[in-house]
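Here my numbering is used: the first residue of the sequence shown is -8, the next is one more, and so on.
Simulated from the structure, these hints should not be mistaken for lab results.
As the structure is a computational prediction, the values presented were derived from the model and not from experiment.
All C-beta atoms in this analysis are idealised placements derived from N, C-alpha and C, irrespective of residue type, glycine included.
Check the hints yourself; a few may be wrong.
Said to hold, decoys possible - Restraint-style ranges between C-beta atoms, simulated for each label pair:
no., residue 1, residue 2, range
1, Ile15, Val(-6), 19 to 27 Å
2, Thr28, Val(-6), 43 to 51 Å
3, Leu24, Met(-8), 41 to 49 Å
4, Tyr(-5), Leu16, 24 to 32 Å
5, Tyr(-5), Ile15, 26 to 34 Å
6, Tyr30, Ser(-2), 31 to 39 Å
7, Ser(-2), Leu21, 41 to 49 Å
8, Val(-6), Ile19, 37 to 45 Å
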Amino acid sequence: MGVYIGSKGGGFLEEKAEKIGGVILIMISLKILIEHTLYA
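Kindly generate the complete structure, drawing on both the sequences and the hints.
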């Protein structure tokens, strides 16, 4: 059932998931950068 739902909704959610994932990765990297530059 999950495979069926994933195959039907995958095209719709794929682009959004990639953008959200990219934003999360950028936020994590900025957090690490700020921590290492301010608290070093």
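>> Taking 24 to 32 Å as the stated bounds, is the beta-carbon spacing between Tyr(-5) and Leu16 within them?
In response: 30 Å, holds
>> Just to be sure I understand the hint, the distance between the Cβ atoms of Thr28 and Val(-6) should be within 43 to 51 Å; is that true here?
In response: 45 Å, holds
>> Between the beta carbons of Val(-6) and Ile19, is the distance compatible with 37 to 45 Å?
In response: 30 Å, violated
>> Please check whether Leu24 and Met(-8) have a Cβ separation lying inside 41 to 49 Å.
In response: 42 Å, holds
> Cβ-Cβ distance between Ser(-2) and Leu21: within 41 to 49 Å?
Replying inline: 35 Å, violated
> Does the Cβ distance between Tyr(-5) and Ile15 fall inside 26 to 34 Å?
Replying inline: 27 Å, holds
> So does Tyr30 sit 31 to 39 Å from Ser(-2), Cβ to Cβ?
Replying inline: 46 Å, violated
> Do the Cβ positions of Ile15 and Val(-6) conform to the proposed distance bound of 19 to 27 Å?
Replying inline: The hint (19 to 27 Å, Cβ to Cβ) holds, given that Ile15 and Val(-6) are roughly 25 Å apart.
Violation of the numbered hints given earlier is confined to hints 6, 7, 8; the remaining hints are satisfied by the structure.
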